[in-house]
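Assemble the complex: chain A is given as a structure, and chain B must be docked to it using the hints.
Chains as they are written, first to last, in numbering that gives the first Met the number 0: chain A, 0 to 273; chain B, 0 to 258.
A portion of the hints provided could be inaccurate.
As the list claims (entries may be wrong) - Calculated cross-link-like contacts (lysine-lysine; reagent style DSSO-like; alpha-carbon spacing at most 30 Å):
hint: 1; chain 1: A; residue 1: 219; chain 2: A; residue 2: 64
hint: 2; chain 1: A; residue 1: 64; chain 2: B; residue 2: 6
hint: 3; chain 1: A; residue 1: 169; chain 2: B; residue 2: 6
hint: 4; chain 1: A; residue 1: 219; chain 2: A; residue 2: 91
hint: 5; chain 1: A; residue 1: 91; chain 2: A; residue 2: 146
hint: 6; chain 1: A; residue 1: 91; chain 2: A; residue 2: 190
If you are wondering where the hints come from, they were derived from the structure by calculation, not from laboratory data. Treat the numbers as computed from the prediction; the structure is a model and nothing was measured.
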Amino acid sequence: MAANDSQAPAPECMIDVRHLRKRFGNKTVLEDVSFTVERGTICVVMGGSGSGKSTVLRHLIGAYKPDSGEVYLDGDEITQLDERALQQVRRKFGMLFQGGALLNSLTVGDNIALPLRHHTELPEETIEIMVKLKLELVGLRDAEHLKPSEISGGMQKRVSLARAIALDPKIVFYDEPSAGLDPIVAGVIDKLMIDLTDKMHITSLVVTHDMQSAFRIADKMIMLHRGRIVAAGTPDEIRESPDPLVQQFITGAPDGPIPLRMSQKEYQVDILGL
Amino acid sequence: MEATLSKAGLFFSHLASISRLFGVTLYWALVAPWRERRAGFDRRSVLRFMDETGVQSVPIVVLIAVLVGAILVLQTAYQLQRYGQVRLVAGLVAVSVSRELGPLLTAILITGRVGAAFTAELGTMKVAEEILALEVMAVHPVGFLVAPRFLALVLMLPCLTIVADAAGLLGGFATGTLAYQISAASYIDTTLHWLMFRDVLSGLIKSVVFAVIITMVGCYRALTVEGGPEGVGHATMGSVVTAIVLIIVADGIFTALLI
Numbered sequence: 000m001a002a003n004d005s006q007a008p009a010p011e012c013m014i015d016v017r018h019l020r021k022r023f024g025n026k027t028v029l030e031d032v033s034f035t036v037e038r039g040t041i042c043v044v045m046g047g048s049g050s051g052k053s054t055v056l057r058h059l060i061g062a063y064k065p066d067s068g069e070v071y072l073d074g075d076e077i078t079q080l081d082e083r084a085l086q087q088v089r090r091k092f093g094m095l096f097q098g099g100a101l102l103n104s105l106t107v108g109d110n111i112a113l114p115l116r117h118h119t120e121l122p123e124e125t126i127e128i129m130v131k132l133k134l135e136l137v138g139l140r141d142a143e144h145l146k147p148s149e150i151s152g153g154m155q156k157r158v159s160l161a162r163a164i165a166l167d168p169k170i171v172f173y174d175e176p177s178a179g180l181d182p183i184v185a186g187v188i189d190k191l192m193i194d195l196t197d198k199m200h201i202t203s204l205v206v207t208h209d210m211q212s213a214f215r216i217a218d219k220m221i222m223l224h225r226g227r228i229v230a231a232g233t234p235d236e237i238r239e240s241p242d243p244l245v246q247q248f249i250t251g252a253p254d255g256p257i258p259l260r261m262s263q264k265e266y267q268v269d270i271l272g273l
Numbered sequence: 000m001e002a003t004l005s006k007a008g009l010f011f012s013h014l015a016s017i018s019r020l021f022g023v024t025l026y027w028a029l030v031a032p033w034r035e036r037r038a039g040f041d042r043r044s045v046l047r048f049m050d051e052t053g054v055q056s057v058p059i060v061v062l063i064a065v066l067v068g069a070i071l072v073l074q075t076a077y078q079l080q081r082y083g084q085v086r087l088v089a090g091l092v093a094v095s096v097s098r099e100l101g102p103l104l105t106a107i108l109i110t111g112r113v114g115a116a117f118t119a120e121l122g123t124m125k126v127a128e129e130i131l132a133l134e135v136m137a138v139h140p141v142g143f144l145v146a147p148r149f150l151a152l153v154l155m156l157p158c159l160t161i162v163a164d165a166a167g168l169l170g171g172f173a174t175g176t177l178a179y180q181i182s183a184a185s186y187i188d189t190t191l192h193w194l195m196f197r198d199v200l201s202g203l204i205k206s207v208v209f210a211v212i213i214t215m216v217g218c219y220r221a222l223t224v225e226g227g228p229e230g231v232g233h234a235t236m237g238s239v240v241t242a243i244v245l246i247i248v249a250d251g252i253f254t255a256l257l258i
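This is chain A alone, in the form it adopts within the complex (with noise of 0.2 Å):
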């Protein structure tokens, strides 16, 4: 590795990934991914399953070690910490899961209140009106005393993003947000993530592959295919590439360079054993 690579990153730089790969077994999954996200804006990934990108998302979480390469946020270098040192870097991030992922067992406000009651010396009345506060941001303070399972997907993701923010994080990191969303609420979750982003001067990194959404939102994209950055720029830049891989994308052409079948054995071979 180059002596300059290991410097540290920029104040402004939040998010700075390195050279990061990664593979499973022989198969490569991440092939030198380097990106940068600023202070206060809002990057999307995209590209198709299987791209690598909920892998690079794992590996900001510190879920997923590398095989090399390095991930800077806000300045701490996370993939050599230990559990410990992990978790205290941690509380300066929130995630909304594709799923919500809230637990089941604790009622809405609980989900909020536990980063609050598990991080923080708070009086329990400072808690409940600090969840009341994060419910309203979401609009879903009558929520407060249902279970999970007694709301619709849609909500349980806003409460999702409610907990995410319960710690008001430095840095918020979205898993397919609008995933599983109608129209509607996939728009007010996008809403939500700009006044964020806006209003308390989050970053955001968002992982999709709704590309109404992702030009809504994104200050920046990039775009992976098989484990590598193919293209990266701002919305514009990426909607005027000449680069037929990320035209097929964004349109969701059928036929491109991108191939819809996995096989790549010939069909005909494949059927009649010629």
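Structure of chain B alone, referenced to chain A:
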């Protein structure tokens, strides 16, 4: 040969992982509440699990123990009759129940009732990314989920074992006095004469070990679930089978040690 070796290797690597999980659980259950600024779990959740795993298991444990006590008297008396020593049935049954059958049957029942529930519940949480969500919130999943279950079962299984011992003796007493016309006074007298505190104690020590096995196997299988609902089902089945096998192996070892 190679396949056997790799299977053996896998077995030992699982064993090592379970032991590691046990170490982490012991820290979160016994050390962390005093040392960390905040316990990893809500103290009330221990009470809730004690109720779910212990109190709510009492009826089924009593039912099974009474029946086993009765059956044991019938079987033992059948053999003792040949020697004209039916009177001794009280002592034999009391010792077998408190040393062996009380702890063992309770543990196997609780494996099915509680161990399976632990794996299914935590496994579903793993699949739904709830466990990852806890980690991302910097809430230790072992401290938050495993430690309270561990404490609850380690406290409750010995209690359930005492209940099973008592119910087994009662079942035996009823059968002995009703079916074999042993007088109540004589039955109680023989029981008290034969049954030592040591016998009950060795059963209780075993039950603590069984509780550790049930929680550790149940939670380990859950935390390592892969692959959706099918994976949860597979892990739950595996957890019950593994726990029962380990319980019987541990029973053998501890019986040899405590005899």
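query: Taking only the CA atoms, is the gap from residue 91 of chain A to residue 190 of chain A under or equal to 30 Å?
result: holds, 22 Å
task: Measure nothing beyond the straight line between the CA atoms of residue 169 of chain A and residue 6 of chain B; if it is 30 Å or shorter, mark the hint as holding.
output: violated, 46 Å
- prompt: Keeping to a limit of 30 Å between CA atoms, is the pair of residue 64 of chain A and residue 6 of chain B held or broken?
  reply: Between residue 64 of chain A and residue 6 of chain B the Cα gap is close to 26 Å, so the pair holds against 30 Å.
- request: Sort out whether residue 91 of chain A lies within 30 Å of residue 219 of chain A, counting only the CA atoms.
  value: The given pair, whose Cα atoms are some 22 Å apart, holds under the 30 Å limit.
query: Straight-line Cα separation of residue 219 of chain A and residue 64 of chain A no greater than 30 Å?
result: holds, 25 Å
Hinted pair residue 91 of chain A and residue 146 of chain A, Cα distance within 30 Å: holds, 27 Å
Hint check: a violation occurs at hint 3 only; the rest are consistent with the structure.
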